[in-house]
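J.: Chain residues, written in single-letter form:
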Amino acid sequence: MTAKETIAPATNGETHAAPSSPARPAHGAALEFGKAWTYAPAPEAADHVRIDPRYELFIGGKWVAPSSGKYFDTVSPSTEQKLAEVAEGNERDVDLAVKAARVAYEKYWSKLSGIERGKYIYRIARVIQEKARELAIVETMDGGKPIKESRDVDLPLVAAHFFYYAGWADKLAYAFPGRSPRPLGVAGQVIPWNFPLLMAAWKLAPALAAGNTCVLKPAETTPLTALLLAKILEECDLPPGVVNIVTGAGATGAALVAHPDVDKVAFTGSTDVGKRIQKALSGTKKKLTLELGGKAANIVFADAPLDQAVEGIISGIFFNQGHVCCAGSRLLVEEGAFEPLLRRLRDRMQTLRVGDPLDKNTDVGAINSKMQLDKIRELVDAGEREGATRFSTPCELPARGYWFAPTLFTGVSQSHRIAREEIFGPVLAVMTFRTPDEAVEKANNTMYGLSAGVWTDKGSKSFWVSQKLRAGVVWANTYNKFDPSSPFGGYKESGFGREGGRQGLLPYLEVD
Amino acid sequence: MARAKDKETAGAPARADERENGFVPPARLSVRKAYKMLVGGQFIRSESGRYMQVADPMSLGGTKENVPWASRKDVRDAVVVARGAWDGWAGRTAYNRGQILYRLAEMLEARQGELARALERGGLEASRAAAETAAAIDRVVSYAGWADKYQSLFSSLNPVAGPHFNFTVPESMGVVGVVAPARPALLGLLGAVLPIITAGNTVIVLASEADPRTALVLGEALATSDLPGGVINVLTGRAAELLPHLAKHMEVAALDLHEVAPELARKAEEAAIGNVKRVRTRSIDEAAWFDADSATSPRWIERFVEMKTIWHPSGV
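Chains as they are written, first to last, in our numbering: chain U, -5 to 506; chain A, 2 to 317.
You may find that some hints are simply not true.
Under the rule of at most 25 Å between Cα atoms (straight-line distance), these lysine to any residue pairs were calculated in the SDA-like manner [claimed, not checked]:
1) LYS269/U - LEU158/A
2) LYS165/U - ALA272/A
3) LYS281/U - ASP255/U
4) LYS452/U - LEU158/A
None of these hints come from the bench; they were simulated from the model. Treat the numbers as computed from the prediction; the structure is a model and nothing was measured.
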């Protein structure tokens, strides 16, 4: 393989038929990346972005100081510098927010026609588009993800999500014909730190379109974009209390899901916390949707277009530092393709640029928090201890901040912790298989069932495998693609309920 | 019940000397049935040897009959069987599942009298028993028709903003544990189970405690239909004892609880978190089960499917 081939991967590594591989020379000299490939810094200008020193709670259309008087710091994981301090909401604040949402539901939101509701949501979508750059920068500063991703993936999807569901608001009767859909009332929504604003959009847009009012609890490490969204809602003249944002940590979220006047709980986060919420809600009439963890298998058959598969594997596990519930964290390779695929994969991994998330060339940003970094290290250590072989790219990591080099393990067995537990970091566990049945069996051998990938140039095999995989989203010859019109959600212990598409309205409606 | 009198089938009047002994042998001794549960297409007693007694109001002497009293191990055995039957059942074509369900209606129609009699012995008046049996058979016909139609209603082709062919389709969940309502004992059990198996799931159903015998008679009809063994498994026993075992079983994907007491339902929901079970609860009055329009709504099927979204790039 020549260096030229290696560093010029198909950018859209999925659609096009694989050119038959030219006869390649024996893989001789190790590829020299490193100094030859240093890029000049290309930082995104952030000087026009203003972050307030302190943020209050957004309740009933007003900025309200927390009743405890307590604030917590939100820091940039790439610099460990404090960005702002944020109110810590407690039970009393949650109660105020739920009351405000109830009043808003009865007084304003349920009285509006569908088209008027829709127009508010369209407004929100438009302002998000107008402020997309600023939001992307803050998302990157607060969460550590590369600006390339927040700018090109998160923010466009956020706006698209509001746009998509805005249009449903006056069409609910057609979504479930003959079944007179009705809103539920007040939705309590708890979201994670990996896609902070996108998860807010996934929760708020369908809930509002369906006619509910919301109390949203952002993750404690990434509250800023949700608070900027609150400012956008003000700017859009959304009736007070239709959306309330209560920042805080686990206790705040627990108070929200346990509040007796919440009709619907939607949670995205870990399976462990999801189970606790399911338990807390047992015996109540509250509706629940859970979007939990994953340990997705990415299956590569020997007849797959390998260069494109490599791009899909890379995006599957290193997108957003692997902080993705649907990350393709288990790579299953057909034995015949193992050696050529792994060689390309290791080469491609070394081209990934790890570092300053605000740099426009950065591929892999900062790990979201110290806690998450510790968890990744613990599992990677377990992988080494249990006998798997580790390969991490030899990249230089910045001195400050939380970082983890892109890593893959070979020699992994299904019983290893790195093959069973969700790492939620840039760590890939590689295993092999011989037959399609074995691939499916190994792929399904997990308590999770959120997503999966399959790579083959044979259409019938692709559909057969897609049908056999017990997962809510299957990417065939692609990976980590999202769209507001495309339902997303898990099988098994990855949760229940769907977000996105017509099906994503169902969790926010009562239908006969 | 070894000393039961079988008077209902006594033939000619007994002679005087026999009457003096207080014993009247019948002209022909009737053959009683040992009622058994249906698990994996096999008729079984409880492995525990336990039994419950149900009244037989049609006998003159107040006879009681024995029905199995399922144990925790019976539940666990049934789960293994239902899990084993799932792949095959879900893997059949929708058309074939519809054919099999329609065949079930044919088998029930032929046993209409027997099922109605079972309901009568369970305490219903003859006219109500006949009406319930007819409604139950019609329900089977209705779901036989749903088998290859709900998919088109739930699925979608999603207009994603990119060069992808993206669609969402319903799939089955796996093994579903059902607690059937007390009444109607036949229509309620079938009405609960049909939407679940129509969607490709397999079922373990805890029969009505008010009239468990009818469910066992139904089991005999199920066994003679083309329904593969293990798709519907019928247990009789106490829901309060058995439901917690279903609720915490890791191979059970979902629960469908009808008229389960709130405290028992809450405990089941709590135990269900072990594998994030989908727990559905429903309490409708007896008359509502007869409302075919609402009880055959696709919403009943939708509660027991998973939606799968598949992305495929399009390009050359």
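J.: All hints are to be evaluated individually against the structure, with a verdict given for each.
T.: Here is how each hint holds up against the structure:
Straight-line distance between C-alpha atoms of LYS269/U and LEU158/A comes to about 32 Å, which puts the hinted pair past the 25 Å bound. In summary, the hint linking LYS165/U to ALA272/A is not supported, as the alpha carbons are separated by about 38 Å, beyond the 25 Å threshold. Restraint check: the Cα-Cα separation between LYS281/U and ASP255/U comes to about 12 Å, which is no more than 25 Å; the hinted pair holds. Of the supplied pair hints, the one linking LYS452/U and LEU158/A holds, its CA atoms being roughly 22 Å apart against a limit of 25 Å.
Violated hints, listed in ascending order, are 1 and 2; each of the other numbered hints is respected by the structure.
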